[in-house]
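As given, the protein sequences belong to chains A and B, one line each in that order.
The working numbering numbers the first residue of the first sequence as 1 and each following residue consecutively.
The working numbering numbers the first residue of the second sequence as 1 and each following residue consecutively.
These are computed hints drawn from the structure, not numbers from a lab.
Check before you lean on any hint, since a few could be wrong.
[Claimed, not checked] One-sided and incomplete, this derived list gives chain A residues near chain B with beta-carbon spacing under 10 angstroms:
1) Leu-43
2) Ser-97
3) Trp-98
The beta-carbon is built from N, C-alpha and C at its ideal position, and this holds for glycine as well.
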Amino acid sequence: NAGVTQTPKFRILKIGQSMTLQCTQDMNHNYMYWYRQDPGMGLKLIYYSVGAGITDKGEVPNGYNVSRSTTEDFPLRLELAAPSQTSVYFCASSWDSWDNSPLHFGNGTRLTVT
Amino acid sequence: RKEVEQDPGPFNVPEGATVAFNCTYSNSASQSFFWYRQDCRKEPKLLMSVYSSGNEDGRFTAQLNRASQYISLLIRDSKLSDSATYLCVPYAGNNRKLIWGLGTSLAVNP
Numbered sequence: 001n002a003g004v005t006q007t008p009k010f011r012i013l014k015i016g017q018s019m020t021l022q023c024t025q026d027m028n029h030n031y032m033y034w035y036r037q038d039p040g041m042g043l044k045l046i047y048y049s050v051g052a053g054i055t056d057k058g059e060v061p062n063g064y065n066v067s068r069s070t071t072e073d074f075p076l077r078l079e080l081a082a083p084s085q086t087s088v089y090f091c092a093s094s095w096d097s098w099d100n101s102p103l104h105f106g107n108g109t110r111l112t113v114t
Numbered sequence: 001r002k003e004v005e006q007d008p009g010p011f012n013v014p015e016g017a018t019v020a021f022n023c024t025y026s027n028s029a030s031q032s033f034f035w036y037r038q039d040c041r042k043e044p045k046l047l048m049s050v051y052s053s054g055n056e057d058g059r060f061t062a063q064l065n066r067a068s069q070y071i072s073l074l075i076r077d078s079k080l081s082d083s084a085t086y087l088c089v090p091y092a093g094n095n096r097k098l099i100w101g102l103g104t105s106l107a108v109n110p
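Here chain B stands alone, though its shape is the one from the complex (with noise of 0.2 angstroms):
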């Protein structure tokens, strides 16, 4: 198993969708979690960080489900300018690193 796994997409949806996207982890001793976002060709952003269950910032909600390794990211009326891919970033404690994984495309097509 992946140490990190989402859907590469490409997400293709219409301004005002919502959309949500997947990721796994294999690492049981994860304790945090990131979403960047990252534009073509540009740096990683921080979007969102999640340290327990879940967390939200205004259009975007985090979901962490530990038992099953699984963490989401819902974003509501979707933005032109939310075209971007999203990296899940866990932490793994035990080995002190983040996991960058591809990441999930997205398109907000107008």
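Next up, chain A with everything else stripped away, as it sits in the complex (with noise of 0.2 angstroms):
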């Protein structure tokens, strides 16, 4: 299994630009989520679902747009990239609640905005 995998590893957008990283996992989880993580910061929860077509903002949503159009799926767009959104992404997938079963993370998307 390959778990969670996200693309691309790393990105330098433009000030302005837009962009979709791209997260997919193949154990058939329900929950996903997308965090990220400044340096030196801890995760904060950007967006997640509970499951195709619900979708649910996080701490810090403001910039970003999710859907969940298949199981399988959590794409993460951003939108008019600014500075402040550089950062290490995370997506992660649960079969259960967060409360009641592991987050298994993918490798991260290191982005850059200048």
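Fit chain to chain and form the complex, with the hints in mind.
In structure tokens, the structure reads:
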């Protein structure tokens, strides 16, 4: 099993550009999450999904959008990139709700906005 | 009081040593707790789940004290490969989120 796969691994964007961070999992997990981790900081939840067709905001959703059309895929869209969005982005999934099953993380996408 | 607090370290210990990390949390409604490890510039990986008073898995033991809102992680017979940042992650049921702190950095030296 590949687990959680994120692409790309690295990306440099100019201010105002847009991009989509891809995330796919092959574990048939219902729950999927997007986190960002700034240098020297803890993970912050951007968006999460409890199943196909259902998404909800986390702690820091501004500037991002998500969709969950299938169980496997949970892309994160950045519109009008800003330097404040420079961060490492982690996608994660879990079988059950986050109090009851561990999160499986992808390898991360390192994004720089200049 | 911060939602989760850990001594950031770094803890520098020799191979074979026993080391303990402490974690305090502010939300008394926290029901579940997780210890994750995160290697430098890598993704977090689950080390252990704690739902009751504690858990043990090989060289790793977690103990939970709900009255004091305190959880610890003990690592016995440290290996070089244990070098990482250890994240104490409470689940706060009343606002349905995991609380990620900065973790404790461990360096195991030969």
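* Asked: Of the hints given before, which are not true for this structure?
  -> Violated hints: none; all satisfied.
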